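Produce the complete structure using the sequences and hints provided.
With full-length UniProt numbering as the guide, the letters of the sequence shown map in order to residues 1 to 919.
Among these hints, one or two may not hold up.
Claimed, not checked - Simulated restraints, written as ranges between beta carbons of each label pair:
| # | residue 1 | residue 2 | range |
| --- | --- | --- | --- |
| 1 | 431 | 830 | 47 to 55 Å |
| 2 | 580 | 138 | 49 to 57 Å |
| 3 | 431 | 580 | 20 to 28 Å |
Unchecked claim - List of simulated lysine-lysine pairs, DSBU-like, C-alpha gap at most 35 Å:
| # | residue 1 | residue 2 |
| --- | --- | --- |
| 4 | 560 | 861 |
| 5 | 660 | 560 |
| 6 | 748 | 784 |
| 7 | 852 | 140 |
| 8 | 258 | 240 |
| 9 | 731 | 699 |
| 10 | 199 | 53 |
| 11 | 523 | 861 |
| 12 | 731 | 53 |
| 13 | 261 | 552 |
| 14 | 261 | 522 |
| 15 | 312 | 53 |
Keep in mind that the hints were calculated from the coordinates and are not lab data.
What you are looking at is a predicted structure, and each value in this text was computed from that prediction instead of being measured.
For each residue, glycine too, the CB sits at the ideal point set by N, CA and C.
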Amino acid sequence: MAAFVKMGLTEPDSLYISCAGSAWREFARPAETPAECEQLMNVVVVESPAKAKTINKYLGAGFKVLASFGHVRDLPAKDGSVLPDEDFAMSWEVDTASNKRLKDITEALKGADSLILATDPDREGEAISWHVLEVLNKKKALKDKSVKRVVFNAITKKSVLDAMENPREIDTPLVDAYLARRALDYLVGFNLSPVLWRKLPGARSAGRVQSVALRLVCDRESEIERFVSEEYWQISADLKTPRGDGFTARLVSHDGEKLNKMSVTNGDVAGDIRTMLESASFQVDSVEAKPTRRNPSAPFTTSTLQQAASSKLGFNASRTMQVAQKLYEGIDIGGETVGLITYMRTDGVQMAPEAITEAREAISTRFGSRYVPDQPRIYSTKAKNAQEAHEAIRPTGFERAPDDLKRYLDADQLRLYDLIWKRATASQMASAEIERTSVEITASGNGKTAGLRATGSVIRFDGFIAAYTDTKEDGEQSDGDDEDGARLPEINAKEAVDKEKINATQHFTEPPPRFSEASLIKKMEELGIGRPSTYASTLATLRDREYVVIDKRRLIPEPKGRLVIAFLENFFERYVEFGFTADLEEKLDRISAGELAWKDVLREFWVQFHAHIDDTKELRVSQVLDALNEALAPLVFPVREDGSNPRICPTCGTGNLSLKLGKYGAFVGCSNYPDCNFTRQLSADQDASGDAALSNEPKDLGKDPHTEEPITLRTGRFGPYVQRGEGKEAKRSSLPKGWAVDSIDHEKALALLSLPRDIGQHPETGKMISAGLGRYGPFVLHEKTYANLESIEDVFSIGLNRAVSVIAEKIAKGPGRGRGTPAALKTLDDHPDGGPITVRDGKYGPYVNWGKINATLPKDKDPASVTMEEALELITAKAGTSGKKKKPAAKKPAAKKAAKPKAKKATTAKAKTAAAEKE
Numbered sequence: 001m002a003a004f005v006k007m008g009l010t011e012p013d014s015l016y017i018s019c020a021g022s023a024w025r026e027f028a029r030p031a032e033t034p035a036e037c038e039q040l041m042n043v044v045v046v047e048s049p050a051k052a053k054t055i056n057k058y059l060g061a062g063f064k065v066l067a068s069f070g071h072v073r074d075l076p077a078k079d080g081s082v083l084p085d086e087d088f089a090m091s092w093e094v095d096t097a098s099n100k101r102l103k104d105i106t107e108a109l110k111g112a113d114s115l116i117l118a119t120d121p122d123r124e125g126e127a128i129s130w131h132v133l134e135v136l137n138k139k140k141a142l143k144d145k146s147v148k149r150v151v152f153n154a155i156t157k158k159s160v161l162d163a164m165e166n167p168r169e170i171d172t173p174l175v176d177a178y179l180a181r182r183a184l185d186y187l188v189g190f191n192l193s194p195v196l197w198r199k200l201p202g203a204r205s206a207g208r209v210q211s212v213a214l215r216l217v218c219d220r221e222s223e224i225e226r227f228v229s230e231e232y233w234q235i236s237a238d239l240k241t242p243r244g245d246g247f248t249a250r251l252v253s254h255d256g257e258k259l260n261k262m263s264v265t266n267g268d269v270a271g272d273i274r275t276m277l278e279s280a281s282f283q284v285d286s287v288e289a290k291p292t293r294r295n296p297s298a299p300f301t302t303s304t305l306q307q308a309a310s311s312k313l314g315f316n317a318s319r320t321m322q323v324a325q326k327l328y329e330g331i332d333i334g335g336e337t338v339g340l341i342t343y344m345r346t347d348g349v350q351m352a353p354e355a356i357t358e359a360r361e362a363i364s365t366r367f368g369s370r371y372v373p374d375q376p377r378i379y380s381t382k383a384k385n386a387q388e389a390h391e392a393i394r395p396t397g398f399e400r401a402p403d404d405l406k407r408y409l410d411a412d413q414l415r416l417y418d419l420i421w422k423r424a425t426a427s428q429m430a431s432a433e434i435e436r437t438s439v440e441i442t443a444s445g446n447g448k449t450a451g452l453r454a455t456g457s458v459i460r461f462d463g464f465i466a467a468y469t470d471t472k473e474d475g476e477q478s479d480g481d482d483e484d485g486a487r488l489p490e491i492n493a494k495e496a497v498d499k500e501k502i503n504a505t506q507h508f509t510e511p512p513p514r515f516s517e518a519s520l521i522k523k524m525e526e527l528g529i530g531r532p533s534t535y536a537s538t539l540a541t542l543r544d545r546e547y548v549v550i551d552k553r554r555l556i557p558e559p560k561g562r563l564v565i566a567f568l569e570n571f572f573e574r575y576v577e578f579g580f581t582a583d584l585e586e587k588l589d590r591i592s593a594g595e596l597a598w599k600d601v602l603r604e605f606w607v608q609f610h611a612h613i614d615d616t617k618e619l620r621v622s623q624v625l626d627a628l629n630e631a632l633a634p635l636v637f638p639v640r641e642d643g644s645n646p647r648i649c650p651t652c653g654t655g656n657l658s659l660k661l662g663k664y665g666a667f668v669g670c671s672n673y674p675d676c677n678f679t680r681q682l683s684a685d686q687d688a689s690g691d692a693a694l695s696n697e698p699k700d701l702g703k704d705p706h707t708e709e710p711i712t713l714r715t716g717r718f719g720p721y722v723q724r725g726e727g728k729e730a731k732r733s734s735l736p737k738g739w740a741v742d743s744i745d746h747e748k749a750l751a752l753l754s755l756p757r758d759i760g761q762h763p764e765t766g767k768m769i770s771a772g773l774g775r776y777g778p779f780v781l782h783e784k785t786y787a788n789l790e791s792i793e794d795v796f797s798i799g800l801n802r803a804v805s806v807i808a809e810k811i812a813k814g815p816g817r818g819r820g821t822p823a824a825l826k827t828l829d830d831h832p833d834g835g836p837i838t839v840r841d842g843k844y845g846p847y848v849n850w851g852k853i854n855a856t857l858p859k860d861k862d863p864a865s866v867t868m869e870e871a872l873e874l875i876t877a878k879a880g881t882s883g884k885k886k887k888p889a890a891k892k893p894a895a896k897k898a899a900k901p902k903a904k905k906a907t908t909a910k911a912k913t914a915a916a917e918k919e
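Structure follows, in structure tokens:
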């Protein structure tokens with residue numbers, strides 16, 4: 001192995017020594033005594049501390065395993081990080097936290113013989129190894145030390161040791177593909193996002209894959225808005241055999257005419273057919289039973305695992321990958337840390353030959369020899385642009401059934417492992433043998449005939465279905481029209497059957513369903529958009545940018561998301577085309593395969609993209625608004641109940657409504673401004689069905705009992721609000737967080753308009769204490785001291801004693817933000833650099849804390865479920881951001897002068913960071 005150089009000795013002269021147990025079977029450096037092994041040290045670099053801990057146990061003495069904590073370098077969030085005019089030169093920056101990791105690696109290498117890069121076996125893992133190597137070479141930390149790259153698809157002792165015996169070099173084409181993707185994402189994000197900022201205030205960012213995924217969601221919403229429901233009727237008969245067994249047959253023809261689902265379109269026709277069947281006699285024409293075989297699906301890939309976990313477990317893509325990461329990195333099983341699944345970022349569907357053999361043996365033991373097919377099953381992917389370099393996701397040991405691991409795994413880990421084990425096991429099992437029966441029946445009466453059909457199926461041999469607890473395979477979706485039907489009773493040809501009941505049911509066609517995370521991932525994979533490793537982060541970006549909201553597990557585009565897509569489709573159509581994005585993805589995959597030069601791909605893209613960006617400089621805002629008014633007419637100008645023109649201002653009756661752009665985004669306003677001040681939000685709150693919860697016109701809630709002024713519920717640029725009176729002097733109050741528009745009545749409106757509320761005089765100062773609703777939520781106020789309340793209900797119910805206590809607690813906490821340090825919800829392990837890591841709940845939501853670093857948790861993350869690894873990742877990312885702010889450390893005498901420019905620079909960098917899509 002290259003980590004141990006033979007120093008010019010011939011094979012017979014070499015002294016081979018076994019070091020670190022069985023970690024190295026050969027050690028080709030000459031040594032006089034085996035004791036010299038004790039002084040040998042090899043530095044191994046992986047991404048995460050959990051992975052480092054597990055691998056260090058496998059390798060033992062003579063090895064030091066260090067974690068890089070992900071990428072050690074990134075492109076700075078500022079202009080000039082990628083320079084197209086300088087042959088796409090890229091400027092990399094090492095943040096403060098990564099500097100510490102690299103320093104640790106450099107120090108460890110001083111007494112080491114070799115460096116082994118053991119990061120993940122994918123593009124990102126290859127890039128991390130490349131970054132580490134580049135930095136160490138610049139530091140001249142390697143000198144004559146041996147450097148090798150090893151990869152393993154599973155973190156088990158055998159996999160790790162086998163990988164150590166089969167090192168390779170850094171995969172240059174894979175690194176080139178990473179550089180091309182990173183440069184493309186940067187160039188798109190940092191050139192297209194500023195166009196949005198200038199032409200579409202309120203829009204936050206655009207991205208190469210992010211925007212195309214958003215377009216899919218918005219296109220589906222437009223389909224739903226354009227959909228026109230159609231009526232249809234389904235007719236069936238409940239019948240009974242001479243033996244008294246009941247079954248149901250559905251109508252398939254009438255009076256010689258074949259019928260489909262939409263043939264009967266009104267109740268009159270349905271009634272006529274029903275009347276005919278009520279008086280008809282029924283006879284079985286034929287009974288046909290066909291044996292069929294149902295084959296199992298391939299083992300999971302990244303995308304199919306995310307889809308199955310979403311539909312079966314309710315996990316979003318991010319949660320699925322977090323749990324899978326833990327299963328991959330290792331779980332303590334009876335005192336030994338073992339990786340339970342293979343690498344979870346893959347689009348390959350095949351398993352290694354030895355894994356197939358192990359699976360077949362486990363199937364024979366657990367289910368019997370009949371469940372093992374004669375030949376192993378071989379799978380190939382149907383996904384566009386799929387790269388099958390890696391195995392599918394499978395258990396590292398098929399003998400470890402889910403039930404055997406219950407005491408070692410938490411609930412989510414067990415459920416996901418159960419999915420993976422069953423799918424991988426079933427993939428190598430025998431086919432299910434099913435007998436499908438179709439019964440044709442003729443109904444005759446009143447000189448007319450009708451044909452009915454009953455279908456059913458019987459499982460003669462369950463085969464792979466035995467691996468599941470139900471008969472629906474994990475990840476499969478039922479279309480709601482199961483042709484197999486239920487199991488039929490014994491039915492014989494040419495026998496008469498009795499009518500029990502005739503059913504005629506009215507139905508209406510429904511619009512296409514909104515995407516779930518699972519169905520969106522499936523669609524993106526079919527189109528060849530993005531890669532499996534990017535789906536979770538892409539969906540998270542759409543949520544974080546507030547471009548989509550998830551309601552009942554369905555993705556609903558927010559108005560700002562639809563605005564962005566409408567803008568891009570009108571002025572940057574090429575860059576949100578599905579075909580263009582897929583073609584570019586294919587080129588990036590060809591770079592990975594060494595078939596294309598990465599800078600050639602960048603040049604081809606940049607020439608046209610840069611020219612398109614330049615063309616928008618002459619674009620007028622009026623052109624943008626005209627295009628958006630047209631593209632988003634159903635959203636901007638919803639149909640009114642009275643049928644009047646939705647573009648006529650409801651206040652002045654003469655002005656035309658149009659989109660307007662303000663500091664905080666788009667809103668709808670009147671063309672007669674400033675004479676007419678009518679404004680409203682781009683879209684009112686909507687329920688899950690898409691019906692508006694608040695119309696464009698003010699809703700009358702009654703009158704104020706004291707002033708007789710009308711109280712109305714309205715919607716404006718900043719959301720729904722209640723108003724008393726008219727004109728500039730009217731009293732207004734926004735709806736507090738958590739109060740739905742449709743819940744606002746006269747009583748609640750009066751309560752809001754009565755704020756602020758006087759509670760009573762402070763017993764010590766004699767000054768009034770009041771309660772109110774402000775920009776940052778409910779509060780109590782005494783003199784100049786504001787103290788937050790937990791809920792809006794407290795504003796109306798808090799008494800004097802409690803108000804005095806709340807004010808006193810606030811004063812005791814001192815000036816500033818004044819909340820003090822919240823109590824820890826959960827204490828995790830100590831940070832590798834010392835000091836405990838805790839989970840806390842702050843003013844702006846839950847976060848993880850280490851020392852002076854606070855890292856906010858993702859919106860959908862349960863604080864109680866945060867793991868040490870997740871906390872470390874969040875803290876490392878946050879420390880990196882902080883590091884960028886602190887990097888230009890000023891000399892002490894000039895510290896005060898330099899303070900303001902630094903703060904401004906950091907703010908600018910932070911703003912630009914939001915523009916770039918990271919995938």
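Hints, one by one, checked against the model:
1. Against the hinted window of 47 to 55 Å, the Cβ-Cβ separation of residue 431 and residue 830 comes to about 53 Å, which satisfies the hint.
2. Distance hint check: the CB atoms of residue 580 and residue 138 are about 38 Å apart, inconsistent with the given range 49 to 57 Å.
3. The beta-carbon spacing between residue 431 and residue 580, approximately 41 Å, falls outside the hinted interval of 20 to 28 Å.
4. Taking the CA atoms of residue 560 and residue 861, the gap is about 24 Å. The hint holds against a cut of 35 Å.
5. Between residue 660 and residue 560, the direct Cα distance comes to roughly 13 Å. Compliance with the 35 Å bound is thereby established for this hinted pair.
6. A threshold of 35 Å between alpha carbons decides the hint, and for residue 748 with residue 784 the separation of about 28 Å falls inside it, so the pair holds.
7. Under the criterion of a C-alpha separation no larger than 35 Å, the hint pairing residue 852 with residue 140 is consistent with the structure, at around 33 Å.
8. Simply put, residue 258 and residue 240 have alpha-carbon atoms about 24 Å apart, close enough for the 35 Å limit, and the pair holds.
9. With a C-alpha separation of about 16 Å, the suggested pair residue 731 and residue 699 falls inside the 35 Å cut-off, and the hint holds.
10. Restraint check: the Cα-Cα separation between residue 199 and residue 53 comes to about 50 Å, which exceeds 35 Å; the hinted pair is violated.
11. Pair hint residue 523 plus residue 861 holds up; C-alpha atoms about 25 Å apart against a cutoff of 35 Å.
12. Taking the CA atoms of residue 731 and residue 53, the gap is near 62 Å; set against the 35 Å cutoff, the hint is violated.
13. For the proposed pair residue 261 and residue 552, the alpha carbon gap of about 29 Å is at most 35 Å, so the pair holds.
14. About 27 Å separates the Cα atoms of residue 261 and residue 522, which keeps this hinted pair within 35 Å; it holds.
15. Under the criterion of a C-alpha separation no larger than 35 Å, the hint pairing residue 312 with residue 53 is consistent with the structure, at around 32 Å.
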